[in-house]
Amino acid sequence: MEPRRRHPLTMAAGQVLGVMVIALGIAALFNSAAMVRAGESMKRGNTRDIVLSIARPLDDFAGAVGFHLPRDGLDKAFSQQSKTGRSRLEGGSTAILRANKRKQRRQGFFQPTRQHEVNLFVTGDSEAQFVGEVLTDMLPSDLFDVSVVARNATGLTNPEFFNWEINARQEIAARHPDAVVMVIGGNDGFNVAVNGQLYGPDTPQWQLEYARRTAVVMQDLGSNGTRPVYWVPPPTARDTEFNKIFASQNKAVEQAARAVPGARYVDIYSTLNHGRYSDVLKIDGDKVLARQADGIHFSRAGAVAPARLIFRAMAKDYEALRDASN
Amino acid sequence: MPAVSFPTIEFAAFFVVVFILSWALMPHPRAWRPFILVASYVFYGWIDWRWVLLLVGSTLVNTVAAQVIARSPSQTARKRALIAAIAFDLGLLCTFKYLSFFVSQCDDALDSIGLGSPLPLMQIVLPIGISFFTFQAISYVVDVYRGETRAASLGDVAILQAFFPHLVAGPIVRANELLPQLRTPRDPRAVLAGPGLFLIVGGFIKKTVVADELARKIVDPVFNDPSSHSGLETLAAIYGFAAQIYCDFSGYTDMAIGLALLLGYQLPQNFNRPYLALSLQDFWRRWHMTLSRWLRDYLYIPLGGNRKGRAATYRNIMLTMLLGGLWHGAAWTFVIWGGIHGGAMSIERWGRARFQGFRMPAWLAWLITFHVVCLAWVFFRSPDLRTAFDMLGQVFAGGPSPLLTLPIAFLIVATVALQAVRGDFWERAETWLVTRPVVAQGIAIGAILVIGDAAVGQNGVAPFIYFQF
Numbered sequence: 001m002e003p004r005r006r007h008p009l010t011m012a013a014g015q016v017l018g019v020m021v022i023a024l025g026i027a028a029l030f031n032s033a034a035m036v037r038a039g040e041s042m043k044r045g046n047t048r049d050i051v052l053s054i055a056r057p058l059d060d061f062a063g064a065v066g067f068h069l070p071r072d073g074l075d076k077a078f079s080q081q082s083k084t085g086r087s088r089l090e091g092g093s094t095a096i097l098r099a100n101k102r103k104q105r106r107q108g109f110f111q112p113t114r115q116h117e118v119n120l121f122v123t124g125d126s127e128a129q130f131v132g133e134v135l136t137d138m139l140p141s142d143l144f145d146v147s148v149v150a151r152n153a154t155g156l157t158n159p160e161f162f163n164w165e166i167n168a169r170q171e172i173a174a175r176h177p178d179a180v181v182m183v184i185g186g187n188d189g190f191n192v193a194v195n196g197q198l199y200g201p202d203t204p205q206w207q208l209e210y211a212r213r214t215a216v217v218m219q220d221l222g223s224n225g226t227r228p229v230y231w232v233p234p235p236t237a238r239d240t241e242f243n244k245i246f247a248s249q250n251k252a253v254e255q256a257a258r259a260v261p262g263a264r265y266v267d268i269y270s271t272l273n274h275g276r277y278s279d280v281l282k283i284d285g286d287k288v289l290a291r292q293a294d295g296i297h298f299s300r301a302g303a304v305a306p307a308r309l310i311f312r313a314m315a316k317d318y319e320a321l322r323d324a325s326n
Numbered sequence: 327m328p329a330v331s332f333p334t335i336e337f338a339a340f341f342v343v344v345f346i347l348s349w350a351l352m353p354h355p356r357a358w359r360p361f362i363l364v365a366s367y368v369f370y371g372w373i374d375w376r377w378v379l380l381l382v383g384s385t386l387v388n389t390v391a392a393q394v395i396a397r398s399p400s401q402t403a404r405k406r407a408l409i410a411a412i413a414f415d416l417g418l419l420c421t422f423k424y425l426s427f428f429v430s431q432c433d434d435a436l437d438s439i440g441l442g443s444p445l446p447l448m449q450i451v452l453p454i455g456i457s458f459f460t461f462q463a464i465s466y467v468v469d470v471y472r473g474e475t476r477a478a479s480l481g482d483v484a485i486l487q488a489f490f491p492h493l494v495a496g497p498i499v500r501a502n503e504l505l506p507q508l509r510t511p512r513d514p515r516a517v518l519a520g521p522g523l524f525l526i527v528g529g530f531i532k533k534t535v536v537a538d539e540l541a542r543k544i545v546d547p548v549f550n551d552p553s554s555h556s557g558l559e560t561l562a563a564i565y566g567f568a569a570q571i572y573c574d575f576s577g578y579t580d581m582a583i584g585l586a587l588l589l590g591y592q593l594p595q596n597f598n599r600p601y602l603a604l605s606l607q608d609f610w611r612r613w614h615m616t617l618s619r620w621l622r623d624y625l626y627i628p629l630g631g632n633r634k635g636r637a638a639t640y641r642n643i644m645l646t647m648l649l650g651g652l653w654h655g656a657a658w659t660f661v662i663w664g665g666i667h668g669g670a671m672s673i674e675r676w677g678r679a680r681f682q683g684f685r686m687p688a689w690l691a692w693l694i695t696f697h698v699v700c701l702a703w704v705f706f707r708s709p710d711l712r713t714a715f716d717m718l719g720q721v722f723a724g725g726p727s728p729l730l731t732l733p734i735a736f737l738i739v740a741t742v743a744l745q746a747v748r749g750d751f752w753e754r755a756e757t758w759l760v761t762r763p764v765v766a767q768g769i770a771i772g773a774i775l776v777i778g779d780a781a782v783g784q785n786g787v788a789p790f791i792y793f794q795f
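Just so you know, the protein sequences line up as chains A and B, in that order.
For the first sequence, the positions run 1 to 326 when the working numbering is used.
For the second sequence, the positions run 327 to 795 when the working numbering is used.
Calculated directly from the structure, the hints in this document are not laboratory data.
Do not rely on the hints blindly, as some may be mistaken.
Facing chain A, a subset of chain B residues (Cβ under 10 Å, in silico) [what the hints assert, rightly or not]: (1) E503; (2) V764; (3) G772.
Here a beta-carbon is modelled for each residue, glycine too, at the ideal position from N, C-alpha and C.
Bound conformation, chain A alone (with noise of 0.2 Å):
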């Protein structure tokens, strides 16, 4: 499949479009939901209103004709997440917010022994790739045997795009961890819906219904308590405006984590540099560049510093931790 000059076939451009345009109309009719996601993954601005405006009408009429069904075919044949199963994540009662009983009991959870180490799921988005990749080297290896999935540009907001409840509920039935860290949100700037009313990460509504979510997802991945959520949102943001969604976000998670059995807030954002942004941290007596240059993730040196923290909160789980983190 390398480039050749012999023997050149050519047609003229008239056809060329013809081509183009019949390729690109059979690629938006079988792959409308595709398309519906991709422009919920952008920017909002003009590009997102202008696919979506296509993209959704066109995903309705795809849907009803039965367009969808050879997609989901090879959905299937590639082994992707299921589209298909009721989600709780557009849509449910913060009754699940309420104070938990059992949360007020001390838990108990499987303590690793050589024989048999603890299994530990690290997921969440970009952001949980050098998190976890850290945290691996931090955690005993004979005691913690860790694995790391990211799943880049998702968050709680965006269901449409990738559906965080379905994939908690898939992971947890493939990998059976014994514990989980989730390290999202920087990716959840979008409005949501409640009750058919948009909310922008401005107003308590759109607080609570992110509270709501976390909550599903933490239930899901924590099997109601019988395994710790170690659940990270994001730090502070060089962007001021970035840095008040995710102090929202941060309120949301704690209101969730104090609902849902077996969850843990993990404070990356109030406790690293006193909640103060900052590209560059000290670690252990060095100056390290802690971000990366879009003012949100981490570098590989500077994860440490939140690998640490979700260390700690382990460490109240994990005897075998406590010695280390003291």
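Given the coordinates of chain A, assemble chain B onto it according to the supplied hints.
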């Protein structure tokens, strides 16, 4: 990076509009030139418009320098203009690409001798494609200086540098390859659609079905945490990365060349079945060909090439490959990657001179070459040296290998084996595609797009590896 990545909805819409307008304006060069330039700047500035300013600045400086070189009767003035342009280009590259690495290394060094960490750590955003358009600019002024190409107008140089199919990840185009094409309007009745469409579709499959699949299922999990994986999985991840980077990078350049062909322009070939190479020298004639010819013409030969004795030749090979490694980024992993290639090429050259008349069996030469390339890829892919050595140490580890599935093994083997398929087979496939009715071609390509999107699933198409360089 949706707008600068070819397999996205935004780019598809952008390209259809550009295709229509480009051919409509083609008979009117005065309208076509500003149009294609603006289109290219829109493409590049989609993520950050400030990058366009950088590109425009580079174009202005290099155009002025080339004009001075072309017009000045004084050799001294010509040389000064050349040096000024190269210093500007390399300065740009160093500022964006190497300054923060250099500062952090100095800081560490000062700290290690007890002077603390006095230098401010910096975070500099790397504009996409800066390495490519900078190398292209250097080749243009050097070619003008050497009399290999004529100094072009500001508009032509701007299009040469910014033409969107090759702007962000190559191929690295030389002035005498594109400028003559810009001077003659293309014929809308004879678009090279056969190779163009075939390259676009082939590149799309390489990227979505092979590269991203291998990255997700074997390469990323193992390189992220080598100690948790068995030797078999580690080996599969190393071979998998060799297949992934080939399909990712050659897939991108296939699409770039195909898109340019549909607009009526031919870009140089960048890959020629590299994993069939029987020596490292052969590999570099087949892999990222436009970079290796750049390194040869503007670095290796000016250093003296093989004209100054054996020791100087080895030194020049080593220097060229080390700098080729550093071109990819400021990290010791890239330096070692370049060092392995430079060292292996020097050993090859020494062996040929020492054991004249000895011919290694082709299968053995292939096996050695492929594995040296794979060894170097371990350093290229690893985020740091520790990970690279962990990977190599883990190759001999036992344990179960659940990540090494039949489809993954098939993708790796198929990527290497398909390179042995003769060129005329692909030409027949091209012929078959382009001689179908327009509707059949459209349906066939549409079906491939659906399959490719299903393969990447909800993760979306990952950014191309070479965007970071």
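Against the structure, the hints come out as follows:
1. The restraint placing E503 of chain B at the interface with chain A is violated, with a minimum CB-CB distance near 13 Å, outside the 10 Å limit.
2. With its C-beta approaching chain A no nearer than about 4 Å, V764 of chain B sits inside the 10 Å limit, and its interface hint holds.
3. For G772 of chain B, the interface hint holds, since its Cβ comes within 10 Å of a Cβ in chain A; the closest pair sits about 3 Å apart.
When the structure is compared with the earlier hints, a violation turns up for hint 1 alone.
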